[in-house]
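Q: One-letter residues, chain by chain:
Protein chains: 2
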Amino acid sequence: MKKSRLTGHFTLPAQKGMDREVQMLCEKWSVDAIRDSDGTSLSPEILKLAPDIYSTICLIRADQAWAKQHPDACQQKFLMSFPVTAVQTGPLRIHLMKGYSSEQFRVDWIHEPGKYWDVVDRTTGDILESGQWTYEEQGGEVIIPVARQWHVYTVNFLVYQIWETTSMYNYITNHWTGEHQMGVDPRQPETGKHLLNYLDDWLKAHPHTDYVRFTSMFYQFPLIKGEKRETLYLDWSGYLDAMSALALDQFETGFGYRLRSEDIIDQGYYNATYRIPKKPFLDWMTFTQEFVRPYTKKCVNRVHEAGKKAILFFCDHWIGTEPYLDGFGKLGFDGIVGPCLSGVEWRRISDVPGNLVKEVRLYPYFFEVNLQEEPVFRDEGDPVRECKKWWKGIRRAMLRRCVDRIGFGGYLELACKYPAFLDYVAVLADEFRTVLHRTKKTKPHTLPKKTVVLDCWGKMRSWMHNDNWPQGHVPEFLSGFNADVEFLNFDDLRRNGIPEDIGVIINWGNAESAWSGGHHWRDPKIVETVRNWVFKGGGFIGVGDPSAHEFQGRFFQLSDVLGVEKETGNTLAWTKRFNPEPNRRHFILADAGDEIDLGVRTSSVYVSSPGTELLAGSGTEVILAANTYGRGRSVYFAGYLHHPFNMRLLHRALLWASGQEKEMKRWFSSNMHTDCAFYPDVDEFVVMNNSEQEQDTTVYDQEGNAIRFSLEPMEMKWLTRTELQQLRPKQ
Amino acid sequence: MKKSRLTGHFTLPAQKGMDREVQMLCEKWSVDAIRDSDGTSLSPEILKLAPDIYSTICLIRADQAWAKQHPDACQQKFLMSFPVTAVQTGPLRIHLMKGYSSEQFRVDWIHEPGKYWDVVDRTTGDILESGQWTYEEQGGEVIIPVARQWHVYTVNFLVYQIWETTSMYNYITNHWTGEHQMGVDPRQPETGKHLLNYLDDWLKAHPHTDYVRFTSMFYQFPLIKGEKRETLYLDWSGYLDAMSALALDQFETGFGYRLRSEDIIDQGYYNATYRIPKKPFLDWMTFTQEFVRPYTKKCVNRVHEAGKKAILFFCDHWIGTEPYLDGFGKLGFDGIVGPCLSGVEWRRISDVPGNLVKEVRLYPYFFEVNLQEEPVFRDEGDPVRECKKWWKGIRRAMLRRCVDRIGFGGYLELACKYPAFLDYVAVLADEFRTVLHRTKKTKPHTLPKKTVVLDCWGKMRSWMHNDNWPQGHVPEFLSGFNADVEFLNFDDLRRNGIPEDIGVIINWGNAESAWSGGHHWRDPKIVETVRNWVFKGGGFIGVGDPSAHEFQGRFFQLSDVLGVEKETGNTLAWTKRFNPEPNRRHFILADAGDEIDLGVRTSSVYVSSPGTELLAGSGTEVILAANTYGRGRSVYFAGYLHHPFNMRLLHRALLWASGQEKEMKRWFSSNMHTDCAFYPDVDEFVVMNNSEQEQDTTVYDQEGNAIRFSLEPMEMKWLTRTELQQLRPKQ
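Chains A and B, in that order, give the protein sequences.
First residue of the first sequence: 0, per numbering that gives the first Met the number 0; consecutive thereafter.
First residue of the second sequence: 0, per numbering that gives the first Met the number 0; consecutive thereafter.
What the hints contain is simulated information worked out from the structure, not anything from laboratory work.
Check each hint, because a few of them may be wrong.
You can't tell identical chains apart in this list, so a pair holds if it fits in one copy or across any two.
To be verified - Straight line, CA to CA, 30 Å or less: simulated DSS-like cross-link-like pairs of lysine-lysine:
1) Lys277 <-> Lys575
2) Lys307 <-> Lys15
3) Lys97 <-> Lys575
4) Lys535 <-> Lys97
5) Lys575 <-> Lys388
Pulled out of the complex, with its shape left as it was, chain A reads as follows (with noise of 0.2 Å):
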């Protein structure tokens, strides 16, 4: 291979006065684009350096001067009091901040609170009548002057966002000092104005720049802060930030009806991702999106009116621009990034439709400590661990898709104190070009049938599996898994039933929550969909509380098809019955050893058909169980936890479950730590060990053939299928 295919597609983040260390860099990593970070600005020397200049800008903190001038320009969102109970008679004063952080939020006592805001009685569940609360701003208080004894009061109420979520966490983490960022609302008409012409001014003043990098647009998942600045809660994938007192004006103009604060409190659970979304919450979702959407067009507008480029950093403020709501391709965006720790989040960026150029930011961050606090450029951190940590997972999803570029983010001097951490990523972006350049993106042999996951979200929130992050487990395993993978929602279902090309649907969460469904396997048609599907030859996988909802005698309302129900303390004087003896035998199980740890111990499944094929735990303690129905079958899992031992498990129930049994010595290796995959289009083959140890591994062709490899830690080995089939045994 030539040493010339093998630069560029990377994405160098600058660092004011390392001009040599930069240029030492886009030597060693093969930089052809540099883009600058929050925090820093880019030297004259260095925008020379490499072909492409992206500069970031969030535009919503673009401006301090300007936010400092309009403090109610400032973003707002509900929060809700914590809960205090009466413990007497008399009045009760509630001070709304309190447990809250007063650096990162202040009381919006300038929209009137007995509009906007609502006083609950969490004991009753009554919403109190305008005349049986005041407030005083003073004290930052509501006051509730006739108080039932011993009843739970909380209030929501607006409050302006002073501290701007990114730049707060970025401040906080690298133990900034000076002033804090605000962050203004687009929404407010001179707000968004004055930040059309902003931008108009920015691009001005960047003549270098060839790529706009939005980062991001307006509106971040929620992190509350608490007083002493720990994190109170936290929702990759919520939609609260682009709450404002305009907003639910407009809202009640727009969709007809007024939103109640508490249509966005949820009792304080604050309709979280893993919440199963309400009609006003889904409203509230689309409400945004269609403000979202036309004023980011007037952005990429205006960046493309400068002749440049504009990408957008697919994280922090993305809401309202998710890239598989439909329309996503009409915002104009050149390219979108991702910050990456897994397969799921690479998969994420390399999924979005449209032909628009994309790029992953990997793991470490070039800061002292990572997402989860623990030291990496720093002390007894080891960057080089933790690099390959996440790039062991990743490489698995990019053998199924692969995005255009890769690069890192934060501050150069700290990743330059770390020299094997330099050499390390040299090798690691030529893995990705290479597969960049080998598979020219053409995609790989895959099974004949799809893998759906069935939730409420659906497409809107393809490879957004946060609740169990990083790497979300189920949908991990299938960001690398060689079916391709689409996400239903129970409306898909309703609406257009299952398509013909499905092989196996998958259903996993936490009972009630909106992975499993909670009262959607309520409704008849939701049911009688897919027991008509399974029973005519489909798959269905079950993980953890699938089709969950009590109701009518039922837990699992798919106990029928799954052959297993849950005892959740209603059937305790009914005999469970079926007591097999696991079959070990079983196809699922032929790579499986004495143990099978799936991450619970215990499930409270019993096996409620007779038919019911045990595989792991007991007939009262169901850890893993299969069934058939009718022509199609399914499968149980009590867990899942992401590993070697469990990726086979699943890869075979999936290929049970959907009948293609047949299928899995096509384009497989053997062992379990390592990884293939071919790509007829170009004729490339690659087999991959994901481990830091050698790996023996046999790896079957498109017919079957077996050949032995022999592979070095974390090594990738191509051949074409020339080159393959003369490695061929010979007979």
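On the provided structure of chain A, position chain B as indicated by the hints.
A: Coordinates of chain B only, in the frame set by chain A:
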């Protein structure tokens, strides 16, 4: 002590043809009453042996000839056919009895199915209209001509129970052959009259009988058998078997509304004791009691008129005779007998209000196998070990409140094959008689404040906690705890608040169970009452899912009192902020070892208040925690397993929660394998070794003086207070 005081109070089950053995045992065990058992009758020789003759009669199955002539007089029950999924369009045929024992049940085709049955679409919850289904008696089927494809259907149908439950159990367990006995329903007027006449005749035919032991009255707890005689459903406290078409019609007259079959079927959960009872089911219980009690009274009157005494066997057909319901005393029973495997079962009898003779039937029953079908009087069975296992636990309760008599049941010929067992029973009988004679049934020293168990049943089901059968775990501890124990239900709390003399309230059990209380915790009156009482100095102990009901942002409605909350998947985005180190020096832990095993390794319960003291587990997997609330205290147990270490934990928790720590070392034995009690009215003291090993212990008397004891295995050592004082170490 005089030998003469240690005789009697013992009931022996006699057996035909075993006169010699009966005579021997009358001497060895000091028997003063002889009774027959199911399937035996007494010879004239045996009748002469003991002062008192007990004769058992089970009226509903006493006259089999009459039952055969009146097959429609059999008792009835609602069954729910096993769920059937309509896998195709067109008619769905449901074979009603599929899965159920046709030996035990026969479908009732006599009473119009359209009136009494219901066909339920379990996918929608809809009860089908009368025109939507038909039936065919010949095939035993219900037909739904136009079933909705992929919907699940069940039929609630009436059956006759053609094999009476107790006789069925004995028949199957003892491998009897021959005819099955039927049980008739006294609610049917002709049957009711016949049974009273039969009783009159029977009384005349039993001139030697002193005590008529009703075994028992009319309607038994449900035991449902399957096609292979396997147990499908068993609820020791269930209330299904008093059903009949006639009862349904009479209920409508009496209560002004008609019960639906679904009120009884309860989605197939059959209103098991652990299910939160609903109004119609509670009405059904009342309705049943209103028939059973007057009819029982008629029977008892006839016994008295015949110059004999009447005893209730409080088991089997006990429905409607509950001794803790007001009015039990008016039934006129002279005695009550209960089977007894545990302290709970002992207290169930010993605590019965009223001045009647209380007797327990101890275990093992003289059957080849025990209730778990393990060999006892057979093969490798060891009846002494089996007997000690239960007796050890029972004795704790015996010290708290004694009964008047003990006895055994079953077939003497089996027991007589095991001489060691005969010897051990003599020892056991002397232990019992010593307690009875020494204490004269006076009350031992007891803590100043009462302990209350709060659940949906309250007093009605005092000491009837069978869902952790046989021990009931927490109630089993309480059966030997030195406090007065009462049982309250939520209605008691609503009506009367919490009595002054209560020190601590315990709420235990699974979420949404009759024990924990479910929706009752949503009633403001309940949480107001408990919060108020704890805040002013009360103690609250929660085990498992106390006060659990998902409502208004809380799962544990009393999380403010408990200082802990459960993660059920709704607060994953919230940081669990409070991670205290376990406080190993807490009063509750003073006797605890390094490891605390409450039977659960994880709990998903987290510390939710800053002041909560963690005692075991972690801040996010709390196993044991303590909190203060105003002047009151609470303790949370994630689980409870009944063994000495945990008994001590719970003992200390009860003292701490109720502020009675200073009462601990008063008539207290330090070694957790021992117990002691002091009976002030008779000046008697006992210290008891509950283990089969020697134990040393320190006993603390009224003033807290320490006296050391060494105890042989299982030893009970009796002293007067004076004797005890002499053992005090000299100052």
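Q: Compare the structure with the hints numbered earlier in the document and write down the numbers of the violated ones, lowest to highest.
A: Every hint satisfied by this model.
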